[in-house]
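Asks: Model the placement of chain U on the given structure of chain D, informed by the hints.
There are 2 protein chains.
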Amino acid sequence: MLIENVSPAEIERRSMEIIESELGDTSHLTEQEKIIVKRVIHTTADFDYLQNMNFSENAVSDALKAIKGGAVFVTDTNMALAGISKPALEFLNCKAYCFTGDSDVSEQAKNLGITRSVAAIDKAVKNLCGKKIIFAIGNAPTALIRLHELISSGDIAPALVIGVPVGFVNAEQSKEIIMTDNVPYIISAGRKGGSTVSAAICNALLYMLYKR
Amino acid sequence: MLIENVSPAEIERRSMEIIESELGDTSHLTEQEKIIVKRVIHTTADFDYLQNMNFSENAVSDALKAIKGGAVFVTDTNMALAGISKPALEFLNCKAYCFTGDSDVSEQAKNLGITRSVAAIDKAVKNLCGKKIIFAIGNAPTALIRLHELISSGDIAPALVIGVPVGFVNAEQSKEIIMTDNVPYIISAGRKGGSTVSAAICNALLYMLYKR
Chain D
0 MLIENVSPAE IERRSMEIIE SELGDTSHLT EQEKIIVKRV IHTTADFDYL QNMNFSENAV
60 SDALKAIKGG AVFVTDTNMA LAGISKPALE FLNCKAYCFT GDSDVSEQAK NLGITRSVAA
120 IDKAVKNLCG KKIIFAIGNA PTALIRLHEL ISSGDIAPAL VIGVPVGFVN AEQSKEIIMT
180 DNVPYIISAG RKGGSTVSAA ICNALLYMLY KR
Chain U
0 MLIENVSPAE IERRSMEIIE SELGDTSHLT EQEKIIVKRV IHTTADFDYL QNMNFSENAV
60 SDALKAIKGG AVFVTDTNMA LAGISKPALE FLNCKAYCFT GDSDVSEQAK NLGITRSVAA
120 IDKAVKNLCG KKIIFAIGNA PTALIRLHEL ISSGDIAPAL VIGVPVGFVN AEQSKEIIMT
180 DNVPYIISAG RKGGSTVSAA ICNALLYMLY KR
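Residue numbers (numbering that gives the first Met the number 0), protein chains in the order written: chain D, 0 to 211; chain U, 0 to 211.
Hint data in this document are derived by calculation from the structure and do not stem from the laboratory. Certain hints may be false.
Which copy is meant is left open, so a pair is good if it fits within one copy or across any two.
Unchecked claim - Straight line, CA to CA, 25 Å or less: simulated DSS-like cross-link-like pairs of lysine-lysine:
{"id": "1", "residue 1": "K33", "residue 2": "K210"}
{"id": "2", "residue 1": "K131", "residue 2": "K109"}
{"id": "3", "residue 1": "K122", "residue 2": "K85"}
{"id": "4", "residue 1": "K109", "residue 2": "K67"}
{"id": "5", "residue 1": "K130", "residue 2": "K109"}
{"id": "6", "residue 1": "K33", "residue 2": "K109"}
{"id": "7", "residue 1": "K33", "residue 2": "K122"}
Nothing here was measured: the structure is a model prediction, and the numbers come from that model.
Just chain D, with the same shape it has in the complex:
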């Protein structure tokens, strides 16, 4: 039955209640991790994320500290960028970027024979040098692999890596590799993820510090 005359905020509240009631055992999650998982389920209607989501120790509190210090978010798709709450970013004095569609990134990718996603990571690292960066990767396994290389070599130390590429080739493997790195991470193990999942995790973090 259609429920009429309810505000979007009320719909979200009721949705979260339904998710809570159907979640089952969440004893493997901290309270903050559970908030993130619930927002991902809210975005996908897919309860697989209760088991899929992996958090490094203190990933959420580390990320919140970075956000309070004006972290920048870097996404690998314009879709994810479009999905991150602009009022929350503004309130928290944070910025979000996606370089994947930039013409100089396309050119660099072509010249070097790398994917645009990799070239976009390199541009982010160069242009945002000195910033605390939260990378939100929902699409390109190659972007995660590039982050792994830069973390391993000591060239970058991201505030957080959100690694949720969706896919059937290399997505799962790229996420497993990041989980071996010494970096705060939030990862959806297996094939599932995507730009909406990536944006949902960013928003879940932001909403812990920004009351709508």
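Replies: Frame of chain D, contents of chain U only:
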């Protein structure tokens, strides 16, 4: 094992092969419908869409006819808009719009006590009068309900309604209502869907006419 040095095009080809090999029985789908379902699964890694997706008779061929005639796409989120292939739109002389974030839409919504998604549909209908419109709704049940009202009253006759809002309150119901209308539709029954699903369906249609 990570597969190295493969192009994004090759990764997509192999992904589609994996999806095909795991799909199971697709006898309820036409060849064109199957292409759309496979792209949705490619975008979500969620095989539930094999059973979830509902197509009205000739929905795909009707939509392709509209696209060949320069149809316009109207989405309910900037995320979905960002996800639709710009080269394909340009090649096919089609345009895509999202009015949900417009300031006049916010104002209208506030004044009338309706959601921004409903006000955005009203703006689309007014501004794009005379155009063949493909509505791609991945988020707001209220947008689908508004489309239902306008279709029922004879005010609009969309070329296609892509109805894939995700959610726990009203999403399922709004999709059931559209399926009673006399309109070409592509609908994900139940709770699942979202902006990436909506964009994937638009792209699946565009790619039938635009070879990348």
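Asks: Hints first: check each against the structure and report whether it holds.
Replies: Going down the list of hints, with the structure as the test:
1. K33 / K210: within (18 Å within a copy, 43 Å between copies)
2. K131 / K109: For K131 and K109, neither the intra-copy (29 Å) nor the inter-copy (38 Å) Cα distance is at most 25 Å.
3. K122 / K85: both (22 Å within a copy, 23 Å between copies)
4. K109 / K67: neither (37 Å within a copy, 32 Å between copies)
5. K130 / K109: Cα proximity of K130 and K109: none, with 28 Å in one copy and 38 Å across.
6. K33 / K109: neither (41 Å within a copy, 33 Å between copies)
7. K33 / K122: neither (33 Å within a copy, 38 Å between copies)
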